[in-house]
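Colleague: Here's the letter readout for the chains.
Protein chains: 2
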Amino acid sequence: MALQGKELTIGQVHSAQVVQDLKRTQIVQYAGASGDYNPIHTDEPYARDIAGYPTVFAHGMLTMGMTGAMLTDYVGDGRLTKFGVRFTSQVWPGDDLKASAIFEGLEESVDGTLANFAVETVNQDGAVVLKGYAQARVD
Amino acid sequence: MALQGKELTIGQVHSAQVVQDLKRTQIVQYAGASGDYNPIHTDEPYARDIAGYPTVFAHGMLTMGMTGAMLTDYVGDGRLTKFGVRFTSQVWPGDDLKASAIFEGLEESVDGTLANFAVETVNQDGAVVLKGYAQARVD
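Residue numbers (our numbering), protein chains in the order written: chain A, 1 to 139; chain B, 1 to 139.
If you're looking for bench data, these hints aren't it; they were derived computationally from the structure. Everything hinted at is true.
Which copy? The list can't say, so a pair holds if one copy fits it or any two copies do.
Derived DSSO-like pairs (lysine-lysine); straight-line CA-CA distance at most 27 Å:
(1) Lys98 x Lys82
(2) Lys98 x Lys23
(3) Lys131 x Lys23
Next up, chain A with everything else stripped away, as it sits in the complex (with noise of 0.2 Å):
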């Protein structure tokens, strides 16, 4: 199921859908996973009327965490050797995500072959909420 440099050609795209109408309850969730408990990501009243904002949001690291998901799906399990980011978007609840990794090139090192992606999330109104790279072995 590793993924085979060789199969990759130089602005290969791979996306999935990694969220479709986001629920509350899995920001919940990421907040008990990670232990980031802060109030404007779980308590409505809280995120409206005293942080001003106009509902809850996801944590920044739980986008990350799904457009990982996207990643360890595609290269395999124990293959992801960096990924990083920006956050350049607000995630909403009932948000839509759909993540890419767009192919950059392979290189050599000690690891064996890695292969470098560009990554982007976009929601459903095609907003970019994420931006970055991964590299990962692929032989």
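Since the structure of chain A is already known, use the hints to place chain B on it.
Modeller: Coordinates of chain B only, in the frame set by chain A:
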């Protein structure tokens, strides 16, 4: 509660215990939050008997998420602008993890003053499980 750039000195270390005695349940919660249901993380007989590991182990992205919680707690919510890591060692049930951010300097940008940090997470034996960097708005 936002971190002020002027309070930071180069080399200053902020550390937090991000998990003590990691539970299998927390790994299962992360599977549910991220959508990464690879059985190697949640199915003990599969991890041992089929994949040949001593037990299930945490998703790399869960370690990243717990480290990210240290960062957002430190710099203030919505201020983390970049975060990138390498996964350097596996994280097992029962592990204690301590995550650290080491201040490396400030830079000015159109988004205001940004602080750069080296990031490192170690387990109870001092083994480094994650290495990376982060950038955050601090003014």
